[in-house]
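Visitor: Residue strings, one per chain:
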Amino acid sequence: MKRYLLFVLCFFTAFNSSAQKNNYNPHVGIKEKAEFPHAFINCTIHQNQNIVIEDGVLIVMGNRIVSVSKDISIPKDAIIHDLKGKHVYPSFIELYSDLNIQKDATKKRSNSPQYKTSKEGPYYWNEAVRPEYNSVENISVNYEKLNPYLKKGFGLVVSHQKNGIVRGTGSLLILTKNDKQMFLLDKAANFYSFDKGNSNQAYPTSLMGSIALLRQFFIDAKWYSKNDMQNHPKINLSLEAQLSNKSYPNIFILERKLDLFRADKISKESNIDFIYKGSGREYENLSEITKINPRIIVPLNYPKAMDLDNPYDAISVSTSDLSHWKYATTNIATLEKENIDFSITSDKLKARDFFKQIKQSIDQGASKEKILYSLTELPSIWLGIDSIYGTLEQNKFANFLITDKEIFSRNSKILENWVLGKKEFESPNTLLDIRGDYNLITGNKKKQLVISGTLEKPNAILKYGILKDSTINGDIVFNSSGDIIKTKINKTVKASLDYEDNKVVLSYPEGDNFIRLSGNIVVGGVKLSGEGQDKNGDWFKWTALKNKTTTALNKASEKSERSKQVFVDNHHLDFCPPMQPKQSNILFKNATIWTADELETFKGDLWIKNGKIVELGEEINTQTDKNTTVIDLRGKHVTPGIIDEHSHIAIQSGVNEGSNAITSEVRIGDVINPEDINIYRQLSGGVTAAQLLHGSANPIGGQSAIIKMRWGHPAEKMKIKSAPGFIKFALGENVKQSNWGWRYSIRYPQTRMGVEQIYYDAFTEAKEYQQSISEYNLLTKKEKSKQIEPKKNLQLDALSEIINEKRFITCHSYVQSEINMLMKMADSMGFKINTFTHILEGYKVADKMKQHGAGASTFSDWWAYKFEVRDAIAYNACLLSKMGVVTAVNSDDAEMGRRLNQEASKAIKYGGCSENEAIKLVTINPAKLLHIDNRTGSLTVGKDADIVVWNNSPLSIYSRVEQTYVDGLLLYDEKSQEKLFKENERKRSTLITEMIQSKKNGFPTEKIKPQEDILHKCNDFEIDE
Amino acid sequence: MNKFFYTVLIIILSIYQGFSQVTPADVQTNSILLYGGYLHIGNGEVIENSAVGFKDGKIIESVDIEYNQIDTSYYDIVINVTGKEVYPGFIAMNSTLGLMEIGAVRATKDYRETGKFNPNSRTLTSFNTDSRITPTVRSNGMLIGQISPRGGIVSGTSSVMRFDAWNWEDAVVRADEGIHMNWPKNRVNNNVNNELDIEKVKSKVKHTQNEIHDFFQIAKAYVQKNSLTIDLRMEAMRDLFIGKKRLYVHADKVSQIKEIISFKKEFNIEKLTIVGGKDAHYIPELIAENEISMIVSRVHSLPSYRQSELDISYKLPSILNKAGVLFCFDNQGDMEQMQSRNIPFLAGTAVAYGLPYEEAIKALTSNCAEILEISNYGLITKGKSATLFVSEGDALEISTNKISHAFIDGRRIDLSNSQEKNYLKYCKKYGLIPEK
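Chains as they are written, first to last, in the working numbering: chain A, 36 to 1060; chain B, 38 to 473.
Hint data in this document are derived by calculation from the structure and do not stem from the laboratory. A virtual CB, placed ideally from N, CA and C, is assigned to each residue, including glycine. Any given hint might turn out to be false.
Keeping only pairs whose Cα atoms sit at most 25 angstroms apart, straight-line, the calculated PhoX-like set for lysine-lysine is [what the hints assert, rightly or not]:
| no. | chain 1 | residue 1 | chain 2 | residue 2 |
| --- | --- | --- | --- | --- |
| 1 | A | Lys883 | B | Lys465 |
| 2 | A | Lys1035 | A | Lys385 |
| 3 | B | Lys465 | A | Lys1044 |
Quick list of the computed label-pair ranges, beta carbon to beta carbon [claimed, not checked]:
| no. | chain 1 | residue 1 | chain 2 | residue 2 | range |
| --- | --- | --- | --- | --- | --- |
| 4 | A | Asn235 | B | Gly468 | 53 to 63 angstroms |
| 5 | A | Lys1042 | B | Glu326 | 26 to 36 angstroms |
| 6 | B | Gln261 | A | Ser1024 | 29 to 39 angstroms |
| 7 | A | Asn969 | B | Ser240 | 50 to 60 angstroms |
| 8 | A | Glu751 | B | Glu326 | 35 to 45 angstroms |
| 9 | A | Ser147 | B | Glu326 | 49 to 59 angstroms |
| 10 | B | Asn247 | A | Arg1021 | 38 to 48 angstroms |
| 11 | B | His250 | A | Thr1040 | 42 to 52 angstroms |
| 12 | B | Gly468 | A | Ser147 | 43 to 53 angstroms |
| 13 | B | Ser412 | A | Ser147 | 50 to 60 angstroms |
| 14 | A | Ser147 | B | Asn247 | 33 to 43 angstroms |
| 15 | B | Glu82 | A | Ser1024 | 36 to 46 angstroms |
| 16 | A | Ser1011 | B | Leu323 | 24 to 34 angstroms |
Residues from chain B that keep clear of chain A, each with C-beta distances beyond 12 angstroms, as calculated [unchecked claim]:
| no. | residue |
| --- | --- |
| 17 | Gln106 |
| 18 | Gly152 |
| 19 | Asp371 |
| 20 | Met372 |
| 21 | Asn438 |
| 22 | Asn459 |
With the rest of the complex left out, here is chain A:
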C-alpha cells in the first residue's frame, strides 16, 4: 500500500505543475496565458455526504479547490458565478466501464478446436488469463464518448477491457477534453471475471473450469513470487505482471448472483481481497452475503415491467423474474441497512434512467447521503485517491457538479459538470414545457392553439370555428328575413412550430393567407407573445395564453413506479416457504417399513428424534417423550430416502468441462445451484441425496458433489460434509469424441487404445508429483532455500488423492473391454475403481468386477442410443446384484430421478430380483457406493432420518410420495404442496397484476422473457445428441 500511495502523490505533484505552467503543447494563434480564479457563490455546497454549507462559496484556481466556506473574501480578479438556489456536489466516480478502450477483435475460430494458447511468447498458458494486459496501452480516445458520463455526473472513470478471466489492469481516466494528461492512474485496479471472453482456447468451457483456472493461476503466481531470481531461471511475463500489479485494488466482475459466493471462496483461498461488481440481486441472498461482508459495486439497471396482457404469455415468465421486477429497487436500501459497503455503477444506463433508478432506490429507503458517498468518497477510498478526490475540500481537485436542486430529488438536473477546474459539460438550456391548450389572439381573431407531442419536439394544431352558409341538399338556406343562415363549423389546421430557448415561431394557413408568427415564451411558458405578418406584409401583435384548466400532461412521472417494498425471503423461488420447517420428533406407527437392511420389510413403528432414527420395532411406546408427535400410517409404506448415484441437477453453467482430456481440477461443488427447482422435484419423488456428477466428455472429468436435497438452504449446506471426495471418469465413445462431429478429431485420445494410455500417463505423472513433494519436504531448511519448491497443481492433487484412496472414482463405462482395462490400470497403480456408472455391459464382466471390488450404478433399461450400448440388457442390474456386485440404479436425468422407485422395480421384471433386493438398488446400495451408508441409505437406528412415506408399495407404479423427510425435516409434503402451489399461483398473479397496473400507469414495459430450463445429461457437450 505504501508504494501505491507514493505513486499517487508523485502523480499529483507532476500533474499540478504541468497543467498550469509547463504547458508544452504547441499553440496555434495567440496564447491564453491569464488564469483567473473562479468563485461560485450563493450556492449550497455538499462537501461530502454529511457536510452541507448553505450560501457557500467555492473558489477554484486552476484545477484545484482553493477554498470552500461560508464567509470568505472573494478574490478581486475572480470570475464570479452566482449560483443562487443551486447546489454543488463532488462529481462521481464510475468503477465499471470500458470507456475509450479499444475493443479486442473477435478472434476467428479455426476448424478444429484450439487446445493450446494462440498467443506466442512467454505468457500464461491460457489465453483468457492475461494479467500483462494494461488498458492504458490500448486506449483509443474519443471525446464524444465522454459526454454520456459527464451528463451522468461522473468526473472519473475506471476503464478496463471487458474481456477474459484475468483481465489485467484498468486505468483511471479523468473526463477531460482540455488536458493532454487525462490519466489519473495508468493502473487503477486489476480486473477478474469468470467469463473467458473472446479466447478461442478450448479450456475452460464451464464456470467450474473458469474457477479452477483462476485458482491455479493464483497458486502459480504465489509460487512464482516465492522463488527469487537466483532460483528462477525463467521469466514469464504474465506472472511477472501479476506480481508487479499486486498492490492495486482487485475488482471481480460477476455475472450470476451466486458467483459472489464462488469468488469469495477464491478470495479466502488466495488471500486476495476483491471488490465485486455484483448482479443487483444481492437482496435475494442477503443473509449469506452479510456473512461474507463484501465490498460490492451494484448495477442499477432495474427491470421494466413485462408486457403480460396475454395471460398465456405470463405463464412462461419465471417467478424469479416477476419478483425481481418488484424488489430490484430495494437492493441498495437493503445493503445500506446491513452496512455492506457498496458503490454504484451506471453501466447500461442513460443519464435520465440513472437518476430515475437512484430515486427509486431512495423511495425504497436508501439514504441520499449513502448514495452520494457510494458515488464519490467510497470509490476514491477504494482507489486510494481520497486525499485528492471524492469530496469538496481545500487542495483537492476541482471536480464538481452544479445542479438546480438537490441532486437526488425529483426532476433535479445537472447543469454543469466541472472537471479539473474546467467546465466539461453544460446542460443545454432547460426546455420549457410549452405543451398545453392556448387561446391565440391575433389581431381581432381568436383561435384555440393546442401544442402536444414530446417535450423536445412539440407539434401544434389550431382549432377555430368559421361561419359558413347553411345548405340543404345543395341549396342555400335563408331565414324569414331573407338573410342567409350561417352555420358554425369547427376547423382544425396543422401549424408548423419551431421552438428554441425562449423563441417560438408558428406558421399556419388561414384561408388563402399564410400567417407567420414570431415571438417569445414569457412567464415560464404560460404565455407566448410577439408579432406576426400576414400575406399583405402587414404586421400585427399576437398573444397566446395557456388555458390553465387543461394541462394534458403525462402524470406517470408524478407517481412512483413501485410502491415501497420489503423483500420476503425466498419470494423469488417457487415452492420455497420463507420459514424452514423445524426438526420434530415423530413416531410413525403401523406402517409397512422397508428398512433396506437385515430387518428387511416389516409392519410396525419407526421413531425419529432430533433428525436421527432412534428406534424401530413392531410396537414402540413413546409416552415418556412428550415432544414426539405420533403419525398413524396404517396402509402406508415407509422407506429410506432414495439416493441417486448419478445426477446432473442443480449445476450452474456447464456440467462438462469438455475441453481437455484431463480436468480433475474442476469441482461440481463450486457450481451448485441451490435454487434449482429440480431439487424440490426430486424430493417429491422421495429422493433425499444424490451425487452431482461432472459429465462424460473426458477420460478424467471433474470432482463431484454429494448432496442432500436440503431445499431452501445455500449450496454449502447441501453438501454432505462427511462424504469423501469423488471424481468422474469416462470411457468409450464420449471421451474419444466419436459423436461430437467432424471438428472434434484432434484431441488425444481418439481410440480406446489412447484412453488406456492417457490414464497411465496421468497417474505416472501424479506419482512423480507426489514423489517430488515428499522429497522436497524431507529437505532441511537450508537445502529448501536452494531448490525450487514443487508447484502445487490442482489437477495432480486430485489424482494423488485417488492414488491415496482419499478420492473415489465413478467411471462412466459401457463395453466390457474398457471396464476390464480400467480395473487392470487401477490395479497396476495400486488403487481400486469404486464405481462403474452406466456399466451397461457390466453383466459380461460381473465376476471380474466382483473380484476387483468395484460397484455398479446402472440404468434400469436404457440402450440403443449409441453403438457401444447395443449389447445393453435390462437384466443387468439384477444379474450384477446376484453376482455379488454392489449395484445401484441411477437416473442421469432430472425427470427419471423422481421415479427411481419405478426404475428399481424393473429389476424384478427383468431378472427376478426380490422386492428387498430391488429397493436396495436405490437406497442402501448407492449409499454404499458413495460411502455415506454410515449415515443414510437404510432405516437403521442411529442413521439420519431421511425417510419417505408412500401411499402404496414403493415399487409399485401406482405409488406416490406423501412425505419426504431429510434429517428429520419435512421438506416435501403432498398435502401441503397443494396449498403451496395455490399460494405460489396467487403470489405470481399478484405480481403479474402489479406489472399490468404499472403498464396502465404509463410506465415503460419490455418484452416478456420466457423461462426455459436447460437440463443436463452427462452426454451434453456443445453438440446435441
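Fit chain B to the known structure of chain A by using the hints.
Guide: Below, chain B without anything else, positioned relative to chain A:
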C-alpha cells in the same frame, strides 16, 4: 374338467445364441382358446373369468365363462390363463421404431428428411422389420404401432405397422394414414434473454406460420383441379382435404394449440390430432369442444415451467379424460425407440394420478384404433383381429408386466429378444438359474 384341457408349454426361448433376429410367426392355422383369464376388452369393460377364442386371425368368441358354455373341444389349442390378464395388443402411437437402430449412428437414422415440407416422405417403406429394438418392445405388450416421421414443418406421412413381419409389406396395417407437422413455437434459450433475440425468434415463428398457411392454400387449390403436372408433395396432401388422412400437429404450448384450432377451422380439416400437448391442461375443454384428439407425449416428463404443479405431466391424461378428450399415449423424446417398451408404464403412472384403469387401457388400445381408423384392432370382441397378449399380472405395473403369450392377427409371436439371449448366455456362464 382337466382332461379337456391341456396346457401347451411354448418354448419361446431360442436355443441358439448370438444376434440373429427372432423369426416372424407363421399364419394362424390352429384355433386357440385362452381360458380363464381376466380380460380387459379395451372398451372400458372387463370380464373377470373370460374365454377368448380365435381362429384364422379373428376372434370368434370373447365371453364370460360364468354365463357361457365354452366348447373347449372346438379348439386345437386351449391355453389355461387363469390368474393371468388378457389385453388387446397395445398400440405405440407416434413412434419411430424401425426407423432408427442406434441414436448416435447417423447411418441408422431414417426418420427425418431434409427440407421443410415433406408430406410425400413415407415411413412405410423405410420401416425395418428386422430391427433389434422391436422384439424388446413387443415383449412388453406393444404389438402394433403408428410409425411417424420427424423434422421440418410438414414431416411426412405415417403408417400403422404390426411388429412382427418378414418385410414392410407384410407389416402394414394401414398405409399412409396421416400427415405429421410441427407447429412453430417461440423457443428462446434462457442464455439469450435479451429482447433482440426474442424478437428475432418471434418474427421467425410468424414467418413459419405464413409458410404453413401458403403451403396449405396451394395444396387446397391443387386438389381442386386435375392438374396435368404432378406435384408429389401436393398429391400427398390430397387425402387430407377429403377426410381420408388425419393431420397430426405436434405442439405443446397454449398459444400453439389455439392457433391450430383456428387453422383447423380455416382449412376445414376434419380429422386433426394434437401430438404432445404438454400445456393442454390449461384448456382441456377447448380441445374437447373442437373435436381434437390428442396423443399425450411422454407422461414421464418434467413440467414445462418451474412454477408448474410438480406432477402436472402425470395428471394430464386424467384431466383430458375428465374433459372428454379422446387421447392416447406416446413416448416421444430421448431414446424414444427403445422407450416404446415403457409405454404401458406411462399409462400406469397416469392411473396413479387419477386416470381410471380401464380408461388407461382404452388409451393404449381402442382410442388409438379410433384415431388411426383401424377398427379391426384395439378391442377383444368377436370379429376383431386376434391381436392380443397375456400377462402374468397387471401389464401397467412394471414388476408384473410379464408377457407369456402374444398374438398378432392370431399368429403367436416369438417373445424372445437379443437382450434376453444375452441374459441367458451370461447366466449360463456364471452358473445362475435364469428367472423368467
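Visitor: So, for every hint listed, does it hold in this structure?
Guide: Each hint tested on the structure:
no., hint, in the structure
1, A:Lys883 - B:Lys465, "holds, 16 angstroms"
2, A:Lys1035 - A:Lys385, "holds, 24 angstroms"
3, B:Lys465 - A:Lys1044, "violated, 58 angstroms"
4, A:Asn235 - B:Gly468: 53 to 63 angstroms, "holds, 57 angstroms"
5, A:Lys1042 - B:Glu326: 26 to 36 angstroms, "holds, 31 angstroms"
6, B:Gln261 - A:Ser1024: 29 to 39 angstroms, "violated, 49 angstroms"
7, A:Asn969 - B:Ser240: 50 to 60 angstroms, "holds, 59 angstroms"
8, A:Glu751 - B:Glu326: 35 to 45 angstroms, "violated, 53 angstroms"
9, A:Ser147 - B:Glu326: 49 to 59 angstroms, "holds, 57 angstroms"
10, B:Asn247 - A:Arg1021: 38 to 48 angstroms, "holds, 39 angstroms"
11, B:His250 - A:Thr1040: 42 to 52 angstroms, "violated, 30 angstroms"
12, B:Gly468 - A:Ser147: 43 to 53 angstroms, "holds, 51 angstroms"
13, B:Ser412 - A:Ser147: 50 to 60 angstroms, "holds, 58 angstroms"
14, A:Ser147 - B:Asn247: 33 to 43 angstroms, "holds, 40 angstroms"
15, B:Glu82 - A:Ser1024: 36 to 46 angstroms, "holds, 43 angstroms"
16, A:Ser1011 - B:Leu323: 24 to 34 angstroms, "holds, 31 angstroms"
17, Gln106, "holds, 37 angstroms"
18, Gly152, "holds, 20 angstroms"
19, Asp371, "violated, 8 angstroms"
20, Met372, "violated, 5 angstroms"
21, Asn438, "violated, 6 angstroms"
22, Asn459, "violated, 5 angstroms"
Hint violations for this structure: numbers 3, 6, 8, 11, 19, 20, 21 and 22, all remaining hints satisfied.
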